[in-house]
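Participant: Taking the hints into account, I'd like the entire structure generated from these sequences.
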Amino acid sequence: MWHWLIVLIIIGLPLLFVLRTPPAGVNRFGDTPPSMNFGEAIASFFRNYVNFSGR
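The sequence shown finishes on residue 764 if you use my numbering, and the numbering steps up by one all the way, no holes.
Possibly wrong hints are sitting among the right ones.
[Stated by the list, open to error] Estimated spans, in silico, between C-beta atoms of each pair: (1) I719 / P742: 36 to 42 Å; (2) E749 / I719: 44 to 50 Å; (3) G763 / G734: 47 to 53 Å; (4) W713 / F747: 29 to 35 Å; (5) S762 / L728: 34 to 40 Å; (6) I719 / F747: 42 to 48 Å; (7) F726 / S753: 27 to 33 Å; (8) I720 / P743: 39 to 45 Å; (9) F754 / G734: 42 to 48 Å; (10) L717 / P742: 23 to 29 Å; (11) P732 / V759: 54 to 60 Å; (12) I718 / S762: 18 to 24 Å.
Hints are computed from structural coordinates only; laboratory data are not their basis. Nothing here was measured: the structure is a model prediction, and the numbers come from that model. Ideal placement from N, C-alpha and C gives every residue a C-beta, glycine not left out.
Facilitator: So, in structure tokens, the structure goes:
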């Protein structure tokens, strides 16, 4: 009988994430970041590549 519980967890738990409604708004993760050109993007990548703060 306990095997039905395992089946329910395997099927039901992912459905919680799929059927959950996302938060309202265009950008749910903060303010819109400023645009940058290709050179600024490459410089930003290398500057943040070794930045371990916040991890």
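Participant: Now, for every hint given, state plainly whether the structure supports it.
Facilitator: Here is how each hint holds up against the structure:
no., hint, in the structure
1, I719 / P742: 36 to 42 Å, "holds (38 Å)"
2, E749 / I719: 44 to 50 Å, "holds (46 Å)"
3, G763 / G734: 47 to 53 Å, "violated (23 Å)"
4, W713 / F747: 29 to 35 Å, "violated (56 Å)"
5, S762 / L728: 34 to 40 Å, "holds (36 Å)"
6, I719 / F747: 42 to 48 Å, "holds (45 Å)"
7, F726 / S753: 27 to 33 Å, "holds (31 Å)"
8, I720 / P743: 39 to 45 Å, "holds (44 Å)"
9, F754 / G734: 42 to 48 Å, "violated (27 Å)"
10, L717 / P742: 23 to 29 Å, "violated (42 Å)"
11, P732 / V759: 54 to 60 Å, "violated (32 Å)"
12, I718 / S762: 18 to 24 Å, "violated (37 Å)"
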